[in-house]
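Novice: Chains as they are written, first to last, in this note's numbering: chain A, 1 to 163; chain B, 1 to 163; chain C, 1 to 163.
In short, the hints are calculated from the structure, not lab data.
Among the hints, a few may not be true.
It does not matter which identical chain is used: a pair holds within one copy or between any two.
[What the hints assert, rightly or not] Within a straight-line C-alpha distance of at most 30 Å, the following computed BS3-like cross-link-like pairs (lysine-lysine) qualify:
1) Lys125 x Lys4
2) Lys125 x Lys138
3) Lys4 x Lys35
4) Lys35 x Lys138
5) Lys138 x Lys4
6) Lys4 x Lys141
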Amino acid sequence: MSDKSNRLIHQREIENLLIDYCRYLDRMELSKLAKLFSDDCHVAYGDDPKLIANGRAALEASLSRMWRWMRTAHHLSNIRIWFNGERRAYSESYVHAWHEGTGGNTAIIYGRYLDHLEMLDNSWKITERRMDMNGSDKGFKLPIPHTPRCEPPPDWIVPEGLD
Amino acid sequence: MSDKSNRLIHQREIENLLIDYCRYLDRMELSKLAKLFSDDCHVAYGDDPKLIANGRAALEASLSRMWRWMRTAHHLSNIRIWFNGERRAYSESYVHAWHEGTGGNTAIIYGRYLDHLEMLDNSWKITERRMDMNGSDKGFKLPIPHTPRCEPPPDWIVPEGLD
Amino acid sequence: MSDKSNRLIHQREIENLLIDYCRYLDRMELSKLAKLFSDDCHVAYGDDPKLIANGRAALEASLSRMWRWMRTAHHLSNIRIWFNGERRAYSESYVHAWHEGTGGNTAIIYGRYLDHLEMLDNSWKITERRMDMNGSDKGFKLPIPHTPRCEPPPDWIVPEGLD
Chain A
1 MSDKSNRLIH QREIENLLID YCRYLDRMEL SKLAKLFSDD CHVAYGDDPK
51 LIANGRAALE ASLSRMWRWM RTAHHLSNIR IWFNGERRAY SESYVHAWHE
101 GTGGNTAIIY GRYLDHLEML DNSWKITERR MDMNGSDKGF KLPIPHTPRC
151 EPPPDWIVPE GLD
Chain B
1 MSDKSNRLIH QREIENLLID YCRYLDRMEL SKLAKLFSDD CHVAYGDDPK
51 LIANGRAALE ASLSRMWRWM RTAHHLSNIR IWFNGERRAY SESYVHAWHE
101 GTGGNTAIIY GRYLDHLEML DNSWKITERR MDMNGSDKGF KLPIPHTPRC
151 EPPPDWIVPE GLD
Chain C
1 MSDKSNRLIH QREIENLLID YCRYLDRMEL SKLAKLFSDD CHVAYGDDPK
51 LIANGRAALE ASLSRMWRWM RTAHHLSNIR IWFNGERRAY SESYVHAWHE
101 GTGGNTAIIY GRYLDHLEML DNSWKITERR MDMNGSDKGF KLPIPHTPRC
151 EPPPDWIVPE GLD
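Same shape as in the complex, but just chain A:
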């Protein structure tokens, strides 16, 4: 099997892992979700200490906060994966995450997962996850950091005739 074919197999395994995170989170199967991460994982959904977890057990406990929502839907796309040798990779993916609160209120975030992954005991695990976002609707209140975006050059002028 060629190196490139082998890479495809590993990419698919990592994609499945990232998708399973979304599936387990929406179903609140947190012990299954936690097994997608390494024992000593570092996860930061933002800078607020409440959004940070060190270690798989802490992550599982921390994500119980998602029960404050009645329902959620995490739709993953734009998955990009790069390898660092045979057993390490990092990835970026986009998530469209919808949340429904107990009062019927909703919140949508256009987020991004920035992950480090490692092959451990023959399966890929997330060892580090950070999150940022391109934006959110007005229903979403958590202080998730913004994805970096280049500023316009000083001579840029607003185009006319475009809404």
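We have chain A; now place chains B and C onto it with these hints.
Specialist: Quick look at chains B and C alone, frame taken from chain A:
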């Protein structure tokens, strides 16, 4: 070709099939859409008899109901596929489906397709499709069943300081 | 390596290219974005001359218009790729694109990219891009053409009992 590489090829074929369903539905090319299913398929978008079709011809007739919308957009993500031997598979996928009514009203559903697939005459077909949803916006009225979600443990308390 | 495995590798490369377009656009890294296109590319996001660019340099200049938005999020899905021989391909993909204006206003489009691709100097480039859309929310004002959708047959009647 290794078994794992062969699997990748079949996964891609199944992904294309699931995507084509969305493409044909949004373009209302229903006879092309129907050919993605087996002759004797069973499709249930919900428990209401109006949302159930047995057989390819019944499915094609039934989906003509989508013309009550002016336009739709079905965006598929989180595609997971598992194989049962060489010629059978099942899959879960997420769909973000937007609908625009004749009065300019809109409806969004955060749904999930649960499919059984079979290799028939050398191409994959959907033999069974069920649908459920994580949720929807207020514009969506059909009684689609909810995706199962675990309840919090009895000692769970609402976290403070998180919206 | 079999032809089919080889195809998978090229499909992945093209998917990565299409995803990178979204990533660079949301980060407004326009010189990186422009390198995803051929020197002599033809890009038309609609029929309005302001939405058309001929050549890589013109495309880069033209897309500076996206700075009129504070932030954007382009989530790609339903990627379908077909090959014309070894070095040419075409593709369709869906984009859920969210935009936030300077006044906090937002605009969402349910769009579709229709691309021609070519392998040039050993990497895939977009040589031609057209865009259309299944629809948009009320915040989106640009005149993007609609995706073709079949009309109902003359004897079709609105189904009863379905919202």
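Novice: Each hint needs a verdict: does it hold in this structure or not?
Specialist: To see whether the hints hold, each was checked on the structure:
In the homo-oligomer, the alpha carbons of lysine 125 and lysine 4 lie at most 30 Å apart both inside one protomer (21 Å) and across protomers (20 Å), since each shortest distance falls under that limit. For a Cα distance limit of 30 Å, the shortest separation of lysine 125 from lysine 138 qualifies neither inside one copy, at 33 Å, nor across copies, at 37 Å. For the homomeric pair lysine 4 and lysine 35, the shortest alpha-carbon distances inside one copy (28 Å) and between copies (23 Å) are both at most 30 Å. Taking CA atoms no more than 30 Å apart as the test, lysine 35 paired with lysine 138 passes in neither setting, with 33 Å inside one copy and 35 Å between copies.
In this assembly of identical chains, the alpha carbons of lysine 138 and lysine 4 never lie at most 30 Å apart, being 44 Å within a copy and 45 Å across copies at closest. In the homo-oligomer, the alpha carbons of lysine 4 and lysine 141 never lie at most 30 Å apart, since the shortest distance is 43 Å inside one protomer and 44 Å across protomers.
The structure shown violates the earlier hints numbered 2, 4, 5, 6.
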